[in-house]
Amino acid sequence: MTANPAPSHPQWIDLSECDDPRDVVHRVAACLAQGGVVGLAAETVYRLACSALNPDGVARLRGRAGVAEPEPLTIVVKGPGEVADWVPEASETAERLARRSWPGPVALHFPRPSRGGLFDRLPAEVQALIAPGGEIALGCPEAPLLRQAARFCPAPLVLGPVRNPDGSPATTADPLRVAADVAMTVDSGPARPGRAATAVRVEEDRWAIVRPGAVDAETLAARAGRILAFVCTGNTCRSPMAEAVCKLMLARRLDCRPDELPGRGYTVVSAGVAAAQGAPAAPFAVEVVRSLGGSLERHRGRALDSDLLRQADRLFVMTADHLDLLLELAPESRSSVSLLDPDGRDVPDPVGSDLPTYRRAAETIQRMLARRLDEMGVAERAPSS
222 MTANPAPSHP QWIDLSECDD PRDVVHRVAA CLAQGGVVGL AAETVYRLAC
272 SALNPDGVAR LRGRAGVAEP EPLTIVVKGP GEVADWVPEA SETAERLARR
322 SWPGPVALHF PRPSRGGLFD RLPAEVQALI APGGEIALGC PEAPLLRQAA
372 RFCPAPLVLG PVRNPDGSPA TTADPLRVAA DVAMTVDSGP ARPGRAATAV
422 RVEEDRWAIV RPGAVDAETL AARAGRILAF VCTGNTCRSP MAEAVCKLML
472 ARRLDCRPDE LPGRGYTVVS AGVAAAQGAP AAPFAVEVVR SLGGSLERHR
522 GRALDSDLLR QADRLFVMTA DHLDLLLELA PESRSSVSLL DPDGRDVPDP
572 VGSDLPTYRR AAETIQRMLA RRLDEMGVAE RAPSS
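Just so we're aligned, residue 222 is where the sequence shown starts under my numbering, counting upward by one.
Because the hints were derived from the structure by calculation, they are not lab data.
These numbers come from a predicted model, not from an experiment.
Please note: incorrect hints may appear among the correct ones.
Said to hold, decoys possible - Straight-line alpha carbon distances no greater than 20 Å define the calculated SDA-like cross-link-like pairs of lysine to any residue that follow:
#, residue 1, residue 2
1, Lys299, Thr314
2, Lys299, Ala251
3, Lys299, Glu310
4, Lys299, Val246
5, Lys299, Pro375
6, Lys299, Arg368
7, Lys299, Arg321
8, Lys299, Ser312
9, Lys299, Arg243
To be verified - Computed Cβ-Cβ distance ranges for the label pairs, DEER-style:
#, residue 1, residue 2, range
10, Asp277, Arg474, 48 to 58 Å
11, Lys299, Ser389, 24 to 34 Å
12, Gly287, Gly514, 52 to 62 Å
13, Pro375, Arg432, 29 to 39 Å
14, Ala600, Gly410, 50 to 60 Å
15, Glu596, Lys299, 27 to 37 Å
16, Arg432, Pro344, 20 to 30 Å
17, Pro332, Pro375, 21 to 31 Å
18, Ala345, Arg535, 35 to 45 Å
19, Pro332, Thr440, 17 to 27 Å
20, Asp567, Pro344, 54 to 64 Å
We treat Cβ as the ideally placed atom computed from N, Cα and C, and that holds for glycine.
The task is simple: from the sequences and hints, build the whole structure.
Laid out in structure tokens, this is it:
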């Protein structure tokens with residue numbers, strides 16, 4: 222590995238000249254553990270990092286962020302599961318945003334927790350520097366070097382900004398060549414083009430962008446909302462009908478169009494445990510859904526995958542066999558996977574049958590969905606007088 226110290230830098234590491242990047246990870250972790258401030262790429266921009274137990278280092282980050290600037294410095298977490306450790310009262314909306322955005326360029330801002338969390342265990346002077354305005358920020362950058370260094374550090378890391386002379390976020394390490402207060406810089410070349418992380422304030426079930434960035438509002442709205450998924454075998458009849466019928470029922474209950482559901486906090490999808498990718502819906506399924514006011518003309522089969530299992534808030538299956546298979550594939554999804562029928566019965570498969578059989582299947586799905594939406598608190602809209 223080649224280190225090229227600059228006059229004002231104890232250590233300047235050019236990652237492209239390193240024989241073993243793992244050695245760089247250990248050197249960065251050691252520097253942070255010893256109280257150093259390190260400059261390195263964090264996804265779309267360069268950031269400064271230091272240990273949260275290093276008041277002098279956090280003070281340097283705060284000085285670069287602006288002494289009078291109330292925006293919090295970002296605490297690095299290892300994954301979505303750590304949100305509750307820092308914000309014990311975090312809402313389901315916060316959990317969904319973290320689960321669907323991390324690792325990635327989104328920082329979640331929260332009011333300072335009213336009851337015990339890890340933030341209260343930090344030194345008081347560090348707390349004041351990290352969160353001068355009373356909010357704390359959590360982030361989980363996807364940059365491999367930063368993520369690996371965080372794993373090896375004995376204390377949480379805190380991130381602060383690196384700016385170009387014009388005040389814009391630095392996408393290269395060049396501004397750090399003259400930074401006398403930085404113990405180590407790892408130059409990994411230009412950061413991925415784009416904007417800095419989007420900062421999102423989350424309070425209970427409400428969220429708002431406080432600093433625009435790499436992830437736009439439409440994407441965040443989809444991530445913050447509930448994802449309802451329906452699963453059958455081939456994703457050509459039962460689950461597509463359930464998806465289409467659910468969209469119609471939700472739209473009626475929320476008084477909106479089906480295409481407006483993501484903006485109202487709901488994304489509805491379907492998949493099959495043995496689906497042929499891209500297969501169209503069965504013709505009778507298309508006809509039945511059309512008669513109800515929906516559409517399956519553009520439906521294309523989707524195979525159930527680990528992403529959907531992980532991301533769905535509720536995943537409804539058609540039969541007990543489907544349920545057993547999903548729990549075998551992903552036992553951690555037990556709390557989110559259930560039969561569509563609240564009474565535990567299977568939805569009969571109409572494949573290969575006639576149109577009346579498909580109609581009966583759709584009617585069965587409607588009755589079951591009405592009960593499931595009631596359970597989720599999506600009330601039936603009262604008829605207008």
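A quick look at each hint next to the structure:
no.: 1; hint: Lys299 with Thr314; result: 19 Å, holds
no.: 2; hint: Lys299 with Ala251; result: 18 Å, holds
no.: 3; hint: Lys299 with Glu310; result: 19 Å, holds
no.: 4; hint: Lys299 with Val246; result: 15 Å, holds
no.: 5; hint: Lys299 with Pro375; result: 13 Å, holds
no.: 6; hint: Lys299 with Arg368; result: 7 Å, holds
no.: 7; hint: Lys299 with Arg321; result: 14 Å, holds
no.: 8; hint: Lys299 with Ser312; result: 19 Å, holds
no.: 9; hint: Lys299 with Arg243; result: 18 Å, holds
no.: 10; hint: Asp277 with Arg474: 48 to 58 Å; result: 56 Å, holds
no.: 11; hint: Lys299 with Ser389: 24 to 34 Å; result: 29 Å, holds
no.: 12; hint: Gly287 with Gly514: 52 to 62 Å; result: 55 Å, holds
no.: 13; hint: Pro375 with Arg432: 29 to 39 Å; result: 30 Å, holds
no.: 14; hint: Ala600 with Gly410: 50 to 60 Å; result: 54 Å, holds
no.: 15; hint: Glu596 with Lys299: 27 to 37 Å; result: 34 Å, holds
no.: 16; hint: Arg432 with Pro344: 20 to 30 Å; result: 27 Å, holds
no.: 17; hint: Pro332 with Pro375: 21 to 31 Å; result: 28 Å, holds
no.: 18; hint: Ala345 with Arg535: 35 to 45 Å; result: 42 Å, holds
no.: 19; hint: Pro332 with Thr440: 17 to 27 Å; result: 24 Å, holds
no.: 20; hint: Asp567 with Pro344: 54 to 64 Å; result: 58 Å, holds
Every hint, counting from the list given before, is met by this structure.
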